[in-house]
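S.K.: Starting from the structure of chain A, add chains B, C and D where the hints point.
Chains as they are written, first to last, in the working numbering: chain A, 940 to 1285; chain B, 940 to 1285; chain C, 940 to 1285; chain D, 940 to 1285.
Some clues are possibly wrong.
Which copy is meant is left open, because identical chains are indistinguishable; a pair holds if it fits in one copy or across any two.
To be verified - Keeping only pairs whose Cα atoms sit at most 27 angstroms apart, straight-line, the calculated DSS-like set for lysine-lysine is:
1) LYS1225 - LYS1075
2) LYS1242 - LYS942
3) LYS1204 - LYS1190
4) LYS1149 - LYS1190
5) LYS1225 - LYS1204
6) LYS956 - LYS942
7) LYS1056 - LYS1204
8) LYS1081 - LYS1204
9) LYS1204 - LYS1267
10) LYS956 - LYS943
Simulated from the structure, these hints should not be mistaken for laboratory data.
4 protein chains.
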Amino acid sequence: MEKKMAIGIIGAGRIGKLHAENISRLVPGVVIAGISDVHMTEDIRSWAQGLGILRITANPQDIITDSEIQAIIICSSTETHADMIIAAAKAGKHVFCEKPIDLSVQKGLLAVETARKNNVRLQLGFNRRFDHNFRKIRELSKAGTVGDIHIVKITSRDPAPPSPAYVASSGGIFLDMMIHDFDMARFQAGSDITEVHAIGSVLVDPEIGKAGDIDTAIVTLKFANGAIGVIDNSRQAVYGYDQRVEVFGSKGSAEAFNDTETTVKLSTAEGVAGDKPLYFFLERYKGAFVSEINSFIEAIGGKHDVEVTGEDGLEDMIAALAAGKSLKEGRPVTIREMKKELGVRQ
Amino acid sequence: MEKKMAIGIIGAGRIGKLHAENISRLVPGVVIAGISDVHMTEDIRSWAQGLGILRITANPQDIITDSEIQAIIICSSTETHADMIIAAAKAGKHVFCEKPIDLSVQKGLLAVETARKNNVRLQLGFNRRFDHNFRKIRELSKAGTVGDIHIVKITSRDPAPPSPAYVASSGGIFLDMMIHDFDMARFQAGSDITEVHAIGSVLVDPEIGKAGDIDTAIVTLKFANGAIGVIDNSRQAVYGYDQRVEVFGSKGSAEAFNDTETTVKLSTAEGVAGDKPLYFFLERYKGAFVSEINSFIEAIGGKHDVEVTGEDGLEDMIAALAAGKSLKEGRPVTIREMKKELGVRQ
Amino acid sequence: MEKKMAIGIIGAGRIGKLHAENISRLVPGVVIAGISDVHMTEDIRSWAQGLGILRITANPQDIITDSEIQAIIICSSTETHADMIIAAAKAGKHVFCEKPIDLSVQKGLLAVETARKNNVRLQLGFNRRFDHNFRKIRELSKAGTVGDIHIVKITSRDPAPPSPAYVASSGGIFLDMMIHDFDMARFQAGSDITEVHAIGSVLVDPEIGKAGDIDTAIVTLKFANGAIGVIDNSRQAVYGYDQRVEVFGSKGSAEAFNDTETTVKLSTAEGVAGDKPLYFFLERYKGAFVSEINSFIEAIGGKHDVEVTGEDGLEDMIAALAAGKSLKEGRPVTIREMKKELGVRQ
Amino acid sequence: MEKKMAIGIIGAGRIGKLHAENISRLVPGVVIAGISDVHMTEDIRSWAQGLGILRITANPQDIITDSEIQAIIICSSTETHADMIIAAAKAGKHVFCEKPIDLSVQKGLLAVETARKNNVRLQLGFNRRFDHNFRKIRELSKAGTVGDIHIVKITSRDPAPPSPAYVASSGGIFLDMMIHDFDMARFQAGSDITEVHAIGSVLVDPEIGKAGDIDTAIVTLKFANGAIGVIDNSRQAVYGYDQRVEVFGSKGSAEAFNDTETTVKLSTAEGVAGDKPLYFFLERYKGAFVSEINSFIEAIGGKHDVEVTGEDGLEDMIAALAAGKSLKEGRPVTIREMKKELGVRQ
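Chain A on its own, in the form it takes in the complex:
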C-alpha cells in the first residue's frame, strides 16, 4: 500500500475538529499524525485518541517540528495565524490556514513571503470556492457560457446574529463576514477588486451598533476587468442561511440558489411550501470543507496550483478594510488608496 501523507493540525476548536474528522473519514491517503491545542483538555485528548491521532499536545511547536509531518492545518486563533504560517514554512511544511490570514495585513504579507521563500504551498480556508453550486457557476463562466462577465451579485446572510461580545472582537462585519464574499466576488469575476463603496446600518440588533459595528450592508464593487458587482449582507435572515450568487454576462446569467434538506413540496389549503435553506455554514458548506482539504492535498502533490492562495487572502482582507473605510467616510475607496495607506506594494 502507498504511504500516507502525514498531516498535523494546530488548534482543536470547532473548525480544527471538523477538519480532523473530515480528514480521518473522508480524505483518503492522508493520516493525522498530530494535533495541538494551547488549551488542551481531557475531552480533546479523548476525542483525538478516538480518531487514532498519536501525538496530542498543548504545544504547537511539537507539531511544527515533527519530522514526519509534511503539512499543517492552522486552526488556532486569528492573531496567531501569520506567526504559525511563518514557523511552519520555515520548518518546510506546507500550510493550510483558516481565514483570515491574520488581523494584520503586514504580518499577513510577511507570512505569504515566508511561504514563498521556503517554497511551501500556502492555502487559505475560503471554503466557499469549493461549494458545488458556486463552483459550477465558475466552471460555466470559465467555459465561456455566460460570455464576458458584466455583473457579479452575491447575497450572503446569516441565520442569526452573533453575540455583541463576539461582534466587539470580530473586526466588524466586513472583516468577519463579508470577507468570504469579497473572496467569492474575486473568484467569480476572475479578477481583482479595484474599488468598493459601502453602505450599511444597524437594523437587526441595537447591541451590535453599541459594539461599534453594523449588521446590514451593501457594498458595490469595481473589478480590474471592467465588470461591476454587489454584495449584500445581513446578520439575520430568519429563514436560514441565505447564500446565493449570480454571474451575469454578455451571453447569459448563471445563478446559484440555496440548498435545501429535501425537495419535498407540501400543498395544503394554507399554501404551497418547501424547505427552508440549510441552516448555517456547517450544513451548507459540509462538502466544501472536505473538498478544500482534498484540493490542498492535490496541490501538495503537484496536481494543480493552490486554489486559494495567500495573496488571495491578502486581497480579500484589503477589500474588507477598504469597505470599512468607505462606510466610515461615506465615499468610494479604491484598493490602490487602501494599499498605499497600508504600505502594501502594488
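M.R.: Just chains B, C and D now, kept in the frame of chain A:
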C-alpha cells in the same frame, strides 16, 4: 344603464394605442371620446375608427377643451408632458400622464402644483407598481409579513439595447430606464430615497458609450426609513426581460421571479429546460397596463387615492438625476443636495 | 373595414355568458348577432344588451334560422346538444358545441354525421387542448423533442366536490370530469385509446357514494400507437385546481405544472411558501376559452382543420363509458368491446 | 471507550463493498470483523485489508460461526439469501439482507420464521425508505399533514436499460425493478396492497422483449386502508434517474422531486436550464445506504423496531408476482389470490 366616463387620449404612438385598445376592450364603464396626435395619419385615423372613437384630431386642444371629456391620458412626447398636464388641469380634467413627468424638474413641479390647485387627479404611468408579482410583495410587506424592511433589491435588465440614436436623446440610462426602478424601490420600501451611489460601465455596446451613456449600472440606495437598497440594470439580457424584486426584512424575505409563457419543463439527455422570461415590457406588464388605468378610473371615482402621484414622478426623477451626478463625480449624492441644486423646495 | 362574421349563441348560462363576453372583447372580426335562452330573464336580456347583442330570444330556432348568422355556439343543456347540432347543421351553420356531444352516443353519432353531410364545421368544447402549457407539450412532442411517446400521465383534481345533487345527474365522474382527461390523453398521445382499466373509491364525501358515484379514481390507458397512460382524478384537492400533464418518451419528458397567480416566494421562519394553483377552471383555462373560439373561427375561415372534432367527442365519451364499465366489473374494458355494445361501427 | 459492535459481511460485490466502505467511514460504533466472498480474489483481499478488516475468507460459514460477530450483512447472490438468513439466524446473529428476500417466496417465508424463532432482528435492504425526500413525505403524512391518504403516486425510471442478458435472469421488471416501488407504495400508504393491475409494453429495447420481459409498465394498486395508487416504470429515462413520489390526501399533497447535483440555473438566449436528476441509485440513494445501516444498528440496540422487516420483503415480492400474473392474464389480481396460489397463509 350607467353613463360611461368619457376619456380623451393625447398621442397615438405605441403606448397611446396600447392604452386605447386596453380601455376599449378591458376597462368597463369608460368610453374613449377622442384621440389626438400631432402627426395624424390615415392609418391612425382608420385604427381609431375601428375602436369606435368619434373625435379624431391632430390638435390636442380639441381633446383638452372637449366638454364631454372628464379625464385625459397623456402619451405625447416627453417634452410636452408638463405643458399638457397644465393645460388639462386648467380645463378641469383629471390626468394620467406617461412617465417621466417631464424632461425638466421645474416644469414637472409646476404641473404637479397646477393639478393640485385645480383639484384634478394626476397619476403617473409607472405601471410596474401594478404588476401582479410586485404588488403581491408590497401587500405582503404592508401586512407585516416580512417585518421591518431592511433591504430592497431590484434586478432590471432589458432583452436588447436600444439604438445609439435612441440612447443619445434618451436622457441616459438613469432617466430612461432606471427611473422605473427608483419608483419601484420607493414603492417597495414605502419610503423616499435619501441618497444614491452609482457605478456603471459600457459593457454591452461601445456605440452607447459614444452616445455619452453607459449600459450597465449598479446603484445603491438609502431610504428615509433606514432601509437600504440596490438596483442593477443592463441594457441587454440575452435570455429576455429580467425583472425581479426582493424585499428582505426582520421577519423574512419576499421575492418575485420572472414570469414565463408556460410552466413546461423539458428533460432530455441534454439537460432540464424551462421557458425564458417573457420577452419585454409589453408581454410582462400586459396586465399592469390595464390595472393602472383601472386604478386611475377608480381614483377619479373617489374609491381610493391616486396610486402613483405627480410627487412620486418628481421624486423618481430627482433620484435618477442624482444617480447621474453620482456616476459622473464618483461619489454618493444625497437627494437633499440634488434638490438644492435643482431649486426644489424640500 | 372587413365585414365581421356573425355568430349566434344558444344558451346563456355561465358558459354561454363566458363565451359571449370573450367574443365581444377578445375575438376580433366576430360579432354576436343573437343569443337565445329557453329560460330568458330580464337579467340575461340586460346583460346581452350591454354587450350590444341585437337579437335576444327565448327560442333557439330564432338563432338557427337567422340568415345573417354563419356559426352557432351551443351552450344549452347537455341533453339538447345533438338536437341543436343537427338543427344548426341542417340550416348550414358551423357549430361549436360544449362538451359532451350528448348524453347518448347514438345521438352524438347522428349529430356528427349530419354535420359532415351538411358540410359544416363541428368543434367540441374541450378547451384544455388550448391551454398554453398543455399545448406547448404537444408541440414539443410533435416536433420530436420527446421522441416516441411511451407514457402519458395526467393529474386532474378539482378544488372542491360538487353537490351530491349535481353528482346524481352528472353521469358520474368518468363522463362528467375525467372525459376532459380522456380527451387530453388522446391529444397528447396523438393516438386513440384502445383499452381502459379503472379503480376508484369514495374517499372525499360519503354523499357522493350515496349518489351512486365515486370521487377518487385512477384509470390506466392503452393507446393504439403502443403507448400507455394513466389518469388520476379527485373531486377535492384542498390546495386548488391541480392540472398537470407529463408526456414521457424515448428522448425525454415534457411536464406541465400548475399555473399560479404570482411568482412570489415568501421565506420566513415558518418556511418557504409560494402560491397555490389557480383556483378552478375559469381561472386556469381563462385563455384557453378564448383560444378555442379563435381556433373555431379560423377553422371556419379555412385556415386549418377543426382542432377538436365531433369524432373526438365521441371517442372521449366511449372511453368514459368503458371506464365506468371497467370500474363496475373490476376488469379492463377494450374500446372495441364498448363500441360493439353501443352499436358503434368500428 | 465504548466497545464497538462487530459486524460480518457476506458477499463482496458492488453492494457488499458499498456497505463495507460506508460502515468503516460513516457508521460510528461499528467495526467490520470479517467479510466473505465465494469468489475471493487478491483484489478483494487487498481492498478489505485497506479497510482494516481482519478476517477475509471465501467461506461464509467463517463469518456465520465467528463468535465475535453479532450481526451479518448479506450481499451474496439472490438465490442464497434465504439460506444465509436461516444459517445466520440459527447462529444467533442479527441479519440485514439485501432485497429481494429470495427468489422463492416459500424459502423467504422460512427465513422470516427462522429469524423470528431465533429472536434475531431481520432487516431487508429497501433503502429508498431511508431517502431524505421520501422519508420527509412519510413523516408529513404520519403527522397528519396530508390528512387521510387517498392516492399514492410513484414515478420510477432508470437512466439506461440493463443488458438483455441481465434481464433474462432478473426475474422481470416487477421483481427486479418495481419491487422497490411496491415497497415504497406500502411504506407511504402505511398499508398493505390488496390488488394490483398491470399494463406494460416493450418500448425501449426489443431485445428486452426477446428476453421475455417488458421495459415500460404502469401498475395500479388498491390498499387495505382504502387508498389507491399507481406506479410507472421505465427502463430508460434518458435524462437520468427519475425517482418521484406523491402522497395525496384529504388535507393536501406532499410531493418529492428529483435531487440534482447543484441548484444552478443557466439563462441564455437558448433557454433556461438546470441540472438533470442525479444519475443513478448510487448517487441518488448515497445517503439512504448509510441511513439504512444506522437504522439496523439502532434496531439491534433496541432503539426502535426494524424499519423494513422480512414480512415487508415478502409482501413486496408477492405484489410483484401478482403484477406479473396481472400483465400475463390481462386482469386485476388480488394479493389474496396470489397468496393462495403460493400457499402463503393469510
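S.K.: From the Cα coordinates, with 27 angstroms as the cut-off, is the pair LYS1081 and LYS1204 best called within, between, both, or neither?
M.R.: Between copies, since 16 angstroms is at most 27 angstroms while 34 angstroms is not.
S.K.: Please work out whether the CA atoms of LYS956 and LYS942 approach to 27 angstroms or closer within one copy, between two copies, in both situations, or in neither?
M.R.: both (24 angstroms within a copy, 23 angstroms between copies)
S.K.: Checking LYS1225 and LYS1204: alpha-carbon separation at most 27 angstroms within a copy, between copies, both or neither?
M.R.: both (24 angstroms within a copy, 22 angstroms between copies)
S.K.: For LYS1204 vs LYS1190, is the C-alpha pair at or below 27 angstroms within one copy, between two copies, both, or neither?
M.R.: between (32 angstroms within a copy, 14 angstroms between copies)
S.K.: Under a CA distance limit of 27 angstroms, which applies to LYS1056 and LYS1204: within one copy, between copies, both, or neither?
M.R.: Neither, since 55 angstroms and 43 angstroms both go past 27 angstroms.
S.K.: Between copies, within a copy, both or neither: which fits LYS1204 and LYS1267 at Cα up to 27 angstroms?
M.R.: neither (45 angstroms within a copy, 35 angstroms between copies)
S.K.: Between the shortest in-copy and the shortest cross-copy C-alpha distance, which are at most 27 angstroms for LYS1149 and LYS1190: within, between, both, or neither?
M.R.: between (46 angstroms within a copy, 22 angstroms between copies)
S.K.: Give the relationship of LYS1225 and LYS1075 under a CA distance limit of 27 angstroms: within one copy only, between copies only, both, or neither.
M.R.: Intra 16 angstroms, inter 21 angstroms, cutoff 27 angstroms: intra and inter.
S.K.: At most 27 angstroms between alpha carbons: which applies to LYS956 and LYS943, within, between, both or neither?
M.R.: For LYS956 and LYS943, both the intra-copy (20 angstroms) and inter-copy (22 angstroms) Cα distances are at most 27 angstroms.
S.K.: When Cα atoms must be at most 27 angstroms apart, do LYS1242 and LYS942 count as within-copy, between-copy, both, or neither?
M.R.: within (17 angstroms within a copy, 40 angstroms between copies)
Hint compliance for this structure: hints 7 and 9 are not met, and every other hint is.
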